[in-house]
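Undergrad: Chain residues, written in single-letter form:
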Amino acid sequence: MRTNAINEMKVSFPSTSANESFARAAVAAFAAQLDPTVDELSDVRTAVSEAVTNCIVHAYRDTIGEITLTVRIYEGRRLVVQVKDKGCGIEDVEKAMEPLFTTGGEERAGLGFAVMESFMNRLHVTSRPGKGTCVTMEKRLSGRSGHGR
Amino acid sequence: MGVQLQMKQGELIALLDGEIDHHGARELREEIDAAAQRTKPRLLTLDFSGVQFMDSSGVGLIMGRYRMMSEWGGEVCVANLPPRLEKLVSLAGIRELCTVISGKEGQA
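Chains as they are written, first to last, in my numbering: chain H, 1 to 149; chain Y, 150 to 257.
No lab work stands behind these hints, which were simulated from the structure alone.
Since the structure is predicted, the reported quantities are computational estimates derived from the model, not experimental observations.
Where a beta carbon is used, it is the ideal one built from N, C-alpha and C, also for glycine.
Treat the hints with care, as some may be off.
[What the hints assert, rightly or not] Which chain Y residues stay away from chain H? Per the calculated CB distances, all over 12 Å, these:
no., residue
1, 166
2, 172
3, 239
[Said to hold, decoys possible] Pulled a few chain H residues facing chain Y out of the computed Cβ check, cut under 10 Å:
no., residue
4, 14
5, 19
6, 32
7, 35
8, 39
9, 42
10, 43
11, 46
12, 52
13, 95
14, 96
15, 103
16, 104
17, 114
18, 115
19, 118
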């Protein structure tokens, strides 16, 4: 377990689209111990869905590969989600993160990273072409008194 | 996840249901498009009252249907959008493309 994480879970699965809902459910189940608000949980589920979909649609475009999902809980009710693949990588991360930019075709909105960025408090993307991509995002959950907002 | 389609007086209503993600979007798209291409409605209403979750694949679904309807001058209406989906719809600028009618909490 990485230093000073209070709790951690790691799960890996093949990049089949049926696992998009599994990934959302797995993160939500793990995050439940922090008793997040409905809105916070919805934000995290949406961001995870985007990151995992990127692996399926882009990283492993014409193939099936392994996606590793790691979720850590830190002091101060911080939830850190990492989505890692060993796929094709991103040539230009900055460009890929521009809203509406997509190489996914007509039915993709090009909003994956924009959603992760605005639904989470922090987003960090590292990528090496031919080696893979690692998306790390953090959500700071409100205190219990903030429930129901 | 699924869709129920109703045609009434030139309006095609697609009652969406469950979670809309990349995995399920293709089937929804194919069903809606098949009916729309056949009937060429002037209005396509995407009813989100039964949608519990959606990510940007849902946005792609709306934008793609907007493009298709534009081919014959038809319009798209997003109806009964649950409050928790507002954030995503705003981020995507969907209101610039079509009418969005907000729904009530707890409808889904």
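Undergrad: Against each hint, give a clear statement of whether it holds in the structure.
TA: Taking the hints in turn, this is what the structure says about them:
| no. | hint | in the structure |
| --- | --- | --- |
| 1 | 166 | holds (14 Å) |
| 2 | 172 | violated (4 Å) |
| 3 | 239 | violated (10 Å) |
| 4 | 14 | violated (13 Å) |
| 5 | 19 | holds (8 Å) |
| 6 | 32 | violated (16 Å) |
| 7 | 35 | violated (18 Å) |
| 8 | 39 | holds (7 Å) |
| 9 | 42 | holds (5 Å) |
| 10 | 43 | holds (8 Å) |
| 11 | 46 | holds (5 Å) |
| 12 | 52 | holds (9 Å) |
| 13 | 95 | violated (18 Å) |
| 14 | 96 | violated (14 Å) |
| 15 | 103 | violated (14 Å) |
| 16 | 104 | holds (8 Å) |
| 17 | 114 | holds (6 Å) |
| 18 | 115 | holds (5 Å) |
| 19 | 118 | holds (6 Å) |
Taken one by one, the earlier hints fail for this structure at numbers 2, 3, 4, 6, 7, 13, 14 and 15, listed in ascending order.
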